[in-house]
Amino acid sequence: MTPAKDDELSARIDAELRRALTATPSPEFLPRVRARVAKSATPRLGLIWWLVPAAAVGAGALALALRPGERAAVQPPAATQAVASSVAPGALQAPSARKAPATRQAPGTRSHAAPGTRHRAPARTLAAREPEVLLPRDEAIAFERLVTRLAHWRIDADAWVSDAGLADPRARITIAPIDIRPLTLDR
Amino acid sequence: MAAEYAEHAENVEGFQAVEREFERLLADSSTLAFRIAYSVLRRREDAEDVAQEALARAYRKLRSLRDADRLRPWLVRICWRMALDHRRAARRRERREQAAAEPAVSPGPPTVEEVAAENQFRARLFAAIDALPEKHRIVIVLAGIEGYDIGEVAALLELPEGTVKSRLHAARRRLMEDLR
Chain P
1 MTPAKDDELS ARIDAELRRA LTATPSPEFL PRVRARVAKS ATPRLGLIWW
51 LVPAAAVGAG ALALALRPGE RAAVQPPAAT QAVASSVAPG ALQAPSARKA
101 PATRQAPGTR SHAAPGTRHR APARTLAARE PEVLLPRDEA IAFERLVTRL
151 AHWRIDADAW VSDAGLADPR ARITIAPIDI RPLTLDR
Chain L
1001 MAAEYAEHAE NVEGFQAVER EFERLLADSS TLAFRIAYSV LRRREDAEDV
1051 AQEALARAYR KLRSLRDADR LRPWLVRICW RMALDHRRAA RRRERREQAA
1101 AEPAVSPGPP TVEEVAAENQ FRARLFAAID ALPEKHRIVI VLAGIEGYDI
1151 GEVAALLELP EGTVKSRLHA ARRRLMEDLR
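Quick note, the sequences are listed as chains P and L, same order. Each residue of the first sequence is one higher than the last, beginning at 1 in the working numbering. Each residue of the second sequence is one higher than the last, beginning at 1001 in the working numbering.
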């Protein structure tokens, strides 16, 4: 093929390519693209907004699941348990202490259960996993007295205050003098 | 509260920035995406579908792309690839349908010889382009799209200009041989 014919063919190729490739999309094309993007973007945004509370709930559930169980709880000191067991049986202890099996008691303390009764294995509930509340000795005794008196309908405030070694609270009550004036009519 | 508001405002600003960038991309590159798809598919409806999907992907990409200038080359590549995939799938479908259907009736003779010759030349040209190696094909398609010179094609393909020039030369020589 001659160089002139080559040039002609080359020009024809260029022209044909340009004609074919300068096609333009229809007027509906851009609105369709925007609609497509909006459709795909909306649920993604929704997902992002829901992700935060979902993550919080997940973290909470994980924290609950990983919380140390009853077995890992700190054993109460033997002295405190002894005090608690010497006052009103079953009344002064935390729920978990009442439900605790006999094997968890400190050596030398006695069981709260009546002879012959059987301890059931503690159900692994939320209550069973609550931390134990340890009462100081004097508070435990005071609480025992209160419970006893309530049980017998004997609540003597004077005795209670003097037993506790407190000053009579009535001595601190002061009543301001009452000023009585006759009513006057403005009219 | 103030921190939450600031974070929300940042999110809103980020979202608006993405929207602005996408509108800019649509204005600059939607036609380019369509033409790239059209050069492969040669059917307007198919090319629009592919370009639309590529632009939707580009929108998602905008959120993660740090350098917005790289989006256009990325769009060219993804559009080219999607168009090729679309054509492969369409050809597989056509082959299945042809195998199941009656033998196709050949089209009637053209009424005007000149138009027929023109169409024939175009058909031969695109057949020759389709036969080119892929790296030559995309160069000649991008160079054929009006307004793109060697430098712009090199930027779109993220290639050195010398590489684009040699590929373009090789592609044109092969086309000339096929069309003589």
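One or more of the hints may lead you astray.
Derived DSS-like pairs (lysine-lysine); straight-line CA-CA distance at most 25 Å [said to hold, decoys possible]:
no., chain 1, residue 1, chain 2, residue 2
1, L, Lys-1061, P, Lys-39
2, L, Lys-1165, P, Lys-5
3, L, Lys-1165, L, Lys-1135
Selected chain L positions facing chain P (in silico; Cβ < 10 Å) [to be verified]:
no., residue
4, Phe-1022
5, Arg-1024
6, Ser-1039
7, Leu-1125
Calculated from the structure, these hints are not laboratory results. Glycine included, C-beta positions come from ideal geometry on N, C-alpha and C.
Hint-by-hint comparison with the structure:
With a C-alpha separation of about 16 Å, the suggested pair Lys-1061(L) and Lys-39(P) falls inside the 25 Å cut-off, and the hint holds. About 23 Å separates the Cα atoms of Lys-1165(L) and Lys-5(P), which keeps this hinted pair within 25 Å; it holds. Note on Lys-1165(L) and Lys-1135(L): the hinted pairing holds, with a Cα-Cα distance of about 12 Å set against a maximum of 25 Å. Given hint, Phe-1022(L) at the interface with chain P, holds; its Cβ is 7 Å from that chain's nearest Cβ, closer than 10 Å.
For Arg-1024(L), the interface hint is violated, since its Cβ never comes within 10 Å of a Cβ in chain P; the closest pair sits about 13 Å apart. Satisfaction of the interface hint for Ser-1039(L) is found here, the shortest Cβ-Cβ separation to chain P being roughly 5 Å, below the 10 Å cut-off. Given hint, Leu-1125(L) at the interface with chain P, holds; its Cβ is 5 Å from that chain's nearest Cβ, closer than 10 Å.
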